[in-house]
Structures are given as structure tokens and as C-alpha cells.
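Sequence lines, in order, name chains A and B. So the mapping is simple: the numbering used here equals the position in the first sequence, first residue as 1, plus 560. So the mapping is simple: the numbering used here equals the position in the second sequence, first residue as 1, plus 2.
For the record, the hints were derived by calculation from the structure and aren't laboratory data. Ideal placement from N, C-alpha and C gives every residue a C-beta, glycine not left out. Any given hint could turn out to be false.
[Said to hold, decoys possible] With a straight-line cut-off of 25 angstroms between C-alpha atoms, the simulated BS3-like cross-links for lysine-lysine are: (1) A:K634 x B:K67; (2) A:K863 x A:K925; (3) A:K710 x B:K67; (4) A:K891 x A:K925; (5) A:K729 x B:K16; (6) A:K710 x B:K84.
[What the hints assert, rightly or not] Simulated restraints on C-beta separations: (7) B:R49 x A:H922: 41 to 51 angstroms; (8) B:Q38 x A:G780: 56 to 66 angstroms; (9) A:F924 x B:R49: 48 to 58 angstroms; (10) B:S18 x A:G623: 41 to 51 angstroms; (11) A:G780 x B:E70: 50 to 60 angstroms; (12) A:G623 x B:E70: 41 to 51 angstroms.
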Amino acid sequence: MAKLNKQPSPVAISKTLTGIAGLDEITLGGLPSGRPTLICGEAGSGKTLFSIEFIVRGALDYGEPGVFMAFEEKADELKTNVASLGFDLEKLEHEKKIRIDYIHIDRAEIEETGEYDLEGLFIRLNYAIDSIGAKRVVLDTIENLFSGLKNEGILRAEIRRLFQFLKSKGVTAIITGERGEKSLTRQGLEEYVSDCVILLDHRIINQISTRRLRIVKYRGSVHGTNEYPFLIDDEGISVLPITSLELNKEVSSESISSGVKALDKMLGNAGFYRGSSILASGTAGTGKTSIAASFANATCLRKEKCLFFAFEESPKQIIRNMRSIGMDLQKHVDDKYLQFYASRPTLFGLEMHLVAIHKAIHKFKPDAVILDPITNLITIGSVSEVKTMLVRLIDFLQIQQITVMFTALTLNNVVNEQTDEGVSSLVDAWLQIRDIENNGERNRGLYIMKSRGMKHSNQIREFVITDKGLDLVDVFLTEDGVLTGSAREARLLLQQTGEIIHEQAVSRKDRELIRKRKVLESKIDSLRSEYESAEEELNKVYVEEALKKQIMGDTISKITDLRRADISAPVKSKTKKTNK
Amino acid sequence: MAKLYELRLYVAGKTSKSVVALENLKKICEEHLKGQYSIEVIDLLERPQLAEGDQILAIPTLVKKVPEPVRKIIGDLSNVEKVLVGLDIRPRTTN
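Next comes chain B alone, as it looks inside the complex (with noise of 0.2 angstroms):
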């Protein structure tokens, strides 16, 4: 389980969703990816050319870029089981 994560948040601004996302976010790696993975926040106000290379539309998009597959998860991250599959770290469940 030496899988490194590559993590990318995009946000626009400091607002309360993109406040709570992060929160969130670090919540869970330090849960269930303790020393594996790196968190890097984009300001898209501050860069926003960078919205097009990762196809970014939702505020807040957490883009896990590694491992494969890339994966998207949009929202503020509240919901943790959903967080997680998005991640591939629990098994996507068929309902």
C-alpha cells in the first residue's frame, strides 16, 4: 500500500465551500492515506489557465492525478464513503 497520492484542489478564492473542501480532504488522508500522498491547492482566480488542462468546470474539483486512473470528485468533499471511492481506496459498490 506504498501507493503515492497525487492530489490536486482546485478552488476559486477562499470561499466557504472551498474552505470546508480542504478541511475535508486533509480529514481524510490523514485518516486513510497517512504518508502517501501530497495535497496541492490551485486558486484558479490566481492562475485560471490551469482550468483547462485538467478540464476543470465545479468548484471545488479534487483531481487525484495519481495513481491511475485520474478521478475527479466535485463538492465539498462532506460525504467521506464517496470520497473515498472516488479515490480507489474503498471498491466502487454496483448499486
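Looking at chain A on its own, in the form it has when it is part of the complex (with noise of 0.2 angstroms):
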């Protein structure tokens, strides 16, 4: 390690690892091996803490032994100022993993006379190092020296020459320095420190306060330039890892249920793909809560992992809501599938939210999150603070691969469509709810904004909450308008009515036509009967007459018998013509 740092290595230089949540991320990889790195802030706003973690984490985490010099606090109220983070010093210490060394000055009990140097400290640094082969080094904070001893210009030449010695043991240091006016430090000690510079702040922003992170500089590496807001807690500090540069995140195919049947089906019978990202908006009490926990509830029958951030309600309070309409997340709660986090926005700063998401997600790792409701966390920041933040969440989840569905209110007062925190641009999928308001009640009507990549339905459905859950049914849709509610009950009974008169009308008119043909057919009855009877007649006149001339053949030979005269044909004629 020492033979690296003489000179500045043509390659990228090592790098080690802190150990500190996020911030070797920002770093890409840690702060530079072997060389000082200043930590600056103003009073508060955690060097000391932040130096002591890289000296734990690397004892712990990387077999790295670390010394401490302390100059502002004793041994033994560091060690309890920083159990309450979990970091057992004595233990360690024990364990000859770190060793902390107080260095007491006190100006009234020295007095100078003439020439000196520092070498007493080197020399108790160098032996700290070497009793525990030490790789890290912090010093917090060297300043405390210049309030100590007068003369400047020595100790200027010597905090030089102490980091040269620092360079030349090969340890990586920590120089913690007070913030100045117009420096970075106090005392300038920037001059000195040229390889990496962390600037803490801590700012406080309509009372609520939140602690920020930025590299002002790291030579010969590339870094996260940005602020970025860190937590201290019982764990320690964590840093919200970077946005990340790109656009190049996995995507997936798979869908998963939404949770309600038929809003799958409107999503092109799938559901949300896998890692996406949904709005789900609506005024109040349009059932938002209810719709993210029904795709939680989904989830989490996937024997999927889900974590609720619930910024409104408090856990039982939406585990017994839900109850109500048949979803039982208790259940879910006790199997370990879900988990709920609840937090008062105003209980930290939207920085800190963030922080505390990243880390209860990366506690947690789960398959989906829902945040119920991102507009509660406006009341802490404007909507641009909120719309990056949301920005940084979205990238973040969507690189793990996990599904967010975000709840969010919108305001009668303002233009529908454009509210939700500017966050619609963002999401993969958005689902309103909207009020209908018709016929003296309102209604909830749900229709799909959008939906990337998917053949999505643009219906509007009515969105019913039911003791068994959630539904969506088709509305009607008439002359007068979409209805829902009870009128589209009524629509409905009037169209049942409707279809029972319309069978009744058939009916009669069916009886109507089998009377009329029973009709004509009596008709037709009657007509045959005469023309019978015409027939009748007629054959009557032919039968009259074949007999009258039978009649007349049978008298005409009974007369020419009677006469036993001569048949002769002029007689017989002649006979004839008489009689006629």
C-alpha cells in the first residue's frame, strides 16, 4: 500500500472502501488508499460520527485496524457517544482492532519558548499505527491544535509535514476540520489535503432539518457531484446512494396481478409488468388506499414481499379498513410477507424520507412498495423538491427490479390531469379515479391514463368497493351521458321493465296474426262451400237435362210402339217435328 502512494500510480487509483452505506457508491468505491481525505462541516453536523464509522466499518467489515486521535473528545465519552449507534469501541479496542488516543492541550498549561515541532505527535501517531497495523487513520479534528499552541507558522509546516508522514505510512486518513467562514476549514486545511474533500452540511429548511452530504473534490476519480442527503441512526450513517446516470435499467416482461380481476383485464388482461411504475390518483375518499392494498394483498398471496409506506393512516388503521372489504393483510403481516412503515411527513425532511425508504427496502428487499400517499410528503417540500425525489425512488426501484405503486391526491380545484406532483410523466401505468357526480350522488369512475406498453382498455368503468372488494363495472353509457350509481341501477331496472313489455307486445301481436288467419281461413272455408255449391247447381242442370232427353228418346219409342207403324225414318222425323 505504501509503495502506491508515493507517486501518483499512472492507473486509477485504489480505492478503500468505508464501509459507510452509500457513500461508497457516490465514491465509486470508497475514498482514496492511502491518503488523507479532509472531512469538513460546521459543529454538528457528524464528522466525528462519520469518521468513527469508517474506523469501526473497516475494523469490522474489512479487517482494516484503524486508529482514532481524538483531539477534542476524551476516550471515554466518545465510546459512549457512540454506543448508542452500536458500535462497541471498548470491545474492539480490546480486540487491539482500533485503539483511540486522546490528545489533551490545554493552553494554560503550556507555555512556548522558542523553536519546536510536533514530532511528539508523529511519534504517537507512528506508534498508535504500528501497535495495531493500523490501515486507517482519523484525526478529529487536528484544528483543535491551533487553539493550543501560538505559534502558527510551525504548525503550519508541520500539519504539512503531517500528512506527508501520513502519505509515507500508507494509511488511509481521516482529517476532520471545522468549517470556516470563507474556507472550507477554519484553517485552511484544504491546502494541505489535495487528494479528497467531503463537505457535511447540516441545514435546517422550514424547521425541519436534514443533513446533506457533497464531495467537493476527489482527485483523480470520478464521483457523484451532487448533494446527497444523509441519516444518522442506530445503524450509523447512511448516505442515499446515487441517481443513477442512466437510462439503462432491466426491464421485464412479466406482469403481475393488479389485484382486482377486472382491472386486469383492462390492462390488456395482465396487469402491471414486473418493475414498473404505477400512479394511482383520485380526490379524497376515492378508494386509492384501498386499490394499492388490494395490489399489496395480490402480492403478498404471491407469497411476494411487500412493504407499505403508509404516510397517512397508521398501520392498524388500514389493516381494519381493509377488513371491511374482505382483505385480510394481518394475515400477510404475520406470514412476513408484508410490512408497514409508517411515518408522519413531518417528521423529518423529504431527504430523510427518502434515506429511510432506501434503507428499509434494502433492509426489507421487496417485490413491491407502496407509498399511500406521495402528496402528504408536499407538506415538507415544494413540488419540484418532491418530483425529484420521487424521480431518484422511481430510478432506484426500477433497478431492483421492484414494482411501486404510488397513491396520490388530487385537488378538486385544480386541473385534473395535471397535478399528482408532475410525477405522471414518470410512471409506467396511471390509474384515475375520478368522481362522477350525477343524479345527486357521486360516484367513482376509474379509467386508465395510461399504460406503457400495453394494449390498455379506455373505457371508463365504475369502480365499486364492495364487502368482498374491489370491482369494476361497465357504466352505461347513454344520450344523457355516462351513468353509474344507482342511476345506472335504475337504467338497468328500466331496461329489464322494457324487456318484459317488449315480450308481452310480442305476444300479442303473434295471438293478433293467428286470429287473422284463423279468419281467412273461414273465409277460405265459406268461399269453397259456395263454389261446391255453384258446382252443385251446374251439374244439376246437366243431369236434368240427360234425363229429359232420356225421358224424350224412352216416350218417342213408346209412341211409335203404341202406333206399330212403319219405322221409316221421313215418319219418325216427321213425328218429331210435330211433337215439338
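Take the two lone chains and join them into the complex the hints point to.
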């Protein structure tokens, strides 16, 4: 290690992982190995904690012993202070993994006469480093020397020499410095440390404090240049991992159910894509949380893990409310598929929320995340701030292939389509639930504003919440507009009655037809009998005629017989004539 | 005035500063504390672990352990007046 540092190596500089969550991502691998890094910031910005975590993580996670030179706090004080973060310095010191050296400087005790140097400090440091084979060193904060010693000229020369000494020892060092008014540190330490400078900041905006970190410079390395928020909690420091610089995340074409069957159908019969972001927006009381909960329910039923961030209701409240619509979330909580993370938005700053969300996600490793609702975050930040936060969150989640559902409250007095913190352009799918006010009642209409990469339905459906869960019902489109709720029911009834009436009408017509047929048939009958009688009449005439002829013939022959006359033709005809 | 002065001079090797400091110290002691003092010279290069006990930063440092209060005088002790003040031989002048 030591060999590396005499001259800047032509290849990329080697880095030492700090083990501080998030910092290694921002610095793309940690602090420069074998070089001093300056951490500066105001009082209470977390410098000491930062550096002690560097030492502790090194000792615990990377097998690199470390020396902590405290110029400010006594070793016992320091141990007590960091015990609240779960760092047992006593034990580590006992195991010879770390060494804490308190350097006491009291001006009242010291008289300066003539030339001197700080060889004593060097010897102490050297001894401390060698005694445990330290790879990491922290000097917190070396500026205290300036308050104890008067001869600034000597001090400056010695500090310069100190940094040379640290480099020659090949230790990765952190030097802390109090922030000055014009310069980064009061004593201009940044002049001496040229490799890496990290600035810590503690800002209070709207009574909410946010800690931020910025890498001012990092020679020979690419690094994130933004201000990154960081959080100090019972597990130490966590810095928000970087916003990914590129849009080259993995995408999945696997789809997962939204938990509402009818909604899945509207979404191209599939549901949401895994790893996509979904926004459910709507006015107050439209059932956004119910949609979110049913998505959570579906996720858990698939035996996947879901993390529910509740910014409005307490977990118990959500569980109770969802039970009323037939969802047993408690069971999922018990089975460890579902975890709630409830916090008031005003608990801390927006960035802190983001860090906290990150941490919770890292810990629980969910497949789906729900934020309900994001609108509440507005109370602690401006719209643009919330938007940037969400961009970062969505980014982070998509890299991890975590499906996320946000709910957002839209206000009626704003143009509906344009609110939602402007996140609508970021999300992959956007469900909007809208109040449809009609006929003296309010009903919910759900439609899909967008769903990227899906053949989704463009229909407005009525969104109903029943005690068996959520469902979507077809709405009625009439000349009067969209009908929902009781109007829809009424219409349905009307339609049913209409059908009955219609049926009856049909049967009446049928009967009439039958009757008509009967009339016609009888008419046909009478005509036929008329025809028959006419025919009979005609026949009668014929018969009579024939009979007449016959009778006449008979009579003639009889007469002839009677006369016994010659049967001669002329006579016969004569007779005939006379008879006529 | 039969106080016993226990003095420790911390040095790091035989540098010119430490040599000067030791010479100056001996001179001052002979002049002002004849027979009432003992001087222990500690070379931190040989015994670095001792640096922590007396909170030594600067070299050379003269530590007056006894009589109380503990005082440290850093530098080559070239300013006799300051050394005397530091050893509480002269009263501290408020300036």
C-alpha cells in the first residue's frame, strides 16, 4: 500500500471502501487508499460520527485496524457517544482492532519558548499505527491544535509534514475540520489535503433539518457531484445512493396482477409489468388506498414481499379498513410478506424520508413497494423537490426490479389531469379514479390514463368497493352521458322492464296474427262451400238435361211402339217435328 | 523554598533543538533551582509509549510534574523569563 502512494500511479487510483452505506457508491469505491481525506462541516454536522464509522467498519467488515486520534473528545466520552449507534469501541479496542488516542491540549498548561516541532505527535501516531498495524487513521479534529498552540507558522509546517507522514505510512486517513466562514475549514486545511474533500452540511428548512453531504473534490476519480442527503440513526450513517446517471435499467415483460381482476382485464388482460411504476390518483375518498392495499394483497398472495409506506394512516387503521372490504392484511403481516412503514411526513425532511425509504427497502428486500400517498410529502417540500425525490426513488426501485405503486391525491380545484406532483410523466401506468357526480350522488369512475407498453382499455369503468373487495363495473353510456351508481341500476331496471313489455307486445302481435289467420281460413272455407254449391247447381242442370233427353227418347219409342207403324225415318222425323 | 522540582524533558533523538533545550534547562535550573530539582530526559524514539501519558505533542517539551500544577513548556527553552513563569518560579504577569 505504502508503495502506491509516493507517486500517483498511472493507473486509476486505488480506493478503500468505507463501509458507510451509500458513500462507497457516491465515491465509486470509497476513499483514496493511502491518502488523507478531509471531511469538513459545521459543528454537529456529523464529522466525528462519520470518521468513527469509517474506523469501526474498517475494523469489523474489512479487517483493517484503525487509529482514532481524538483532539476534541476524551476516549470515554467518545465511546459513550457512539455506543448509541451500536458501536462497541471498548471491545474493538480490546481486540486490538482499533485504538483511540485522546490528545489533550490545554493552553493554560503550555508555555511556548522558542523553536519546537510536533515530533511528539508524530511519534504517538506512529506508535499507535504500528501497535495494531493500522490501515486507517482519523484525526478529529486537528484544528484543535491551533487553539492550543500559538505559533501558527510552526503548526502549518508541521501539519503539512503530518500529511506527508500519513502518506508515507500508507494509511487511509480522514482529517476532520470545522467549517470556516470563507473557506472550507477555519484553518484552511484544504490546502494540505488535495486528494479528497467531503463537505457535510446540516441545513434547516421550514424547521425540518436535513443532513447533506457533498464531495467537493476527489482528485483522480469520477464521483457524484450532487448534494446527497444522509441519515444518522441507530445503525450509523447512511448516505442516499446515487441517482443513476443512465437510463439503462433492466426491464421485465412479466406481468403481475393488480389484485383487481377487472382491472387486470383492462390492462391488456395481464396486470402491471414487474418492476414498473404505477400511479393511482384520485380525489379524496375515491379508494386509492384500497387499490394500493389490494395490490399489496395480491403481491402477498403470490408469496412475494411487499413494503407499504403509509404517510397518512397507521398500519392498524389500514388493516382494519381493508378487513371491511374483505382483505386480511394482518395475515400477511404475520407471515412476514407484508411490512408497514408508517411515518408522519413532517417527522423529517424529504431527503431523510428518501434515505429512510431506501434503508427500509434494503432491509426488507420487497418485490413491491407502495407509497400512500405521495401527496402528503408536499407538506414538507415543494412540488419540484418532491418530484426530484420521486424520480430518484423510481430510479432506484426500477434498478432493483421492484414494482412500485404511488397513490396521489388530486384536488378538485386544480385541473385534474395536471397535478400529481408531475410524476405522471415518470410512471409507467397511471390509474385515475374520478368522482362522477350525477343524479344527486357521487360515484367513482376509474380509467387508465396510460399504461406503457400495453394494450389497455380506454373505457371508463365504474369502480365499486364491496365487502368482498374491489370491482369494476361497466358503466352505461346513454344520450345523457355516463351513468353510474343508482342511475346505472335504474337504467338496468328500466331495461329489464322494457324487455318484459317488449315480450308482451310480441306475444300480443302473435295472437292477432293467429286470429287473422283463423278469419282468413274461415273465409276460405265459406268460399269453398260456395264454389261447391255452384258446382252442384251446374251439375244438376246437366243431369236434368240428360234425364230429359232420355225421357224424351223413351217417350218417342213408346209412341212408336204404340202406333206400330212402319219405322221409317221420314215418319219418325215428322213425328218429331210435330211433337215439338 | 525547599520545593523539589521533578522535571521531565521529552526529546526525540539528538536533534539540535533538544540539545539546545537540555542545555538551556540545565542552565536555568542551576541558576534558579540549585539543589532542588531532578531532570529526567525521555527520548520518545526509544520509548514512544510514554508520549501518551504526558500528552506530548511538541518536541521538545518540558513537563513539570511536581510541584502541582502540572505545566508544560514547549520549545527550546531559549526564553528564560517564559521558562521561569512556566515553572511557577516567577509569578505570571498578566499582559
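Here is how each hint holds up against the structure:
1. Restraint check for K634 (chain A) and K67 (chain B): satisfied, since their Cα atoms lie roughly 21 angstroms apart, inside the 25 angstroms limit.
2. For the hint linking K863 (chain A) to K925 (chain A), the alpha-carbon distance of about 13 angstroms falls within 25 angstroms, and the restraint holds.
3. Between K710 (chain A) and K67 (chain B) the alpha-carbon distance is near 23 angstroms, which keeps this suggested pair within the 25 angstroms criterion.
4. In summary, the hint linking K891 (chain A) to K925 (chain A) is supported, as the alpha carbons are separated by about 19 angstroms, within the 25 angstroms threshold.
5. Proximity of K729 (chain A) to K16 (chain B) is assessed by CA-CA distance (about 23 angstroms); at most 25 angstroms being required, the pair is judged to hold.
6. At roughly 14 angstroms between alpha-carbon atoms, K710 (chain A) and K84 (chain B) fall within 25 angstroms of each other, so this suggested pair holds.
7. Distance hint check for R49 (chain B) and H922 (chain A): the Cβ-Cβ separation is about 49 angstroms, which falls inside the suggested range of 41 to 51 angstroms.
8. Range check, Q38 (chain B) to G780 (chain A): about 60 angstroms between beta-carbon atoms, so the 56 to 66 angstroms window is met.
9. Between F924 (chain A) and R49 (chain B), the C-beta spacing of about 54 angstroms keeps the proposed range 48 to 58 angstroms intact.
10. Here the CB-CB span from S18 (chain B) to G623 (chain A) is close to 42 angstroms, well matched to the stated 41 to 51 angstroms.
11. Range check, G780 (chain A) to E70 (chain B): about 53 angstroms between beta-carbon atoms, so the 50 to 60 angstroms window is met.
12. Hint check: G623 (chain A) to E70 (chain B), Cβ distance near 45 angstroms, so the stated range 41 to 51 angstroms holds.
The structure agrees with every numbered hint stated previously.
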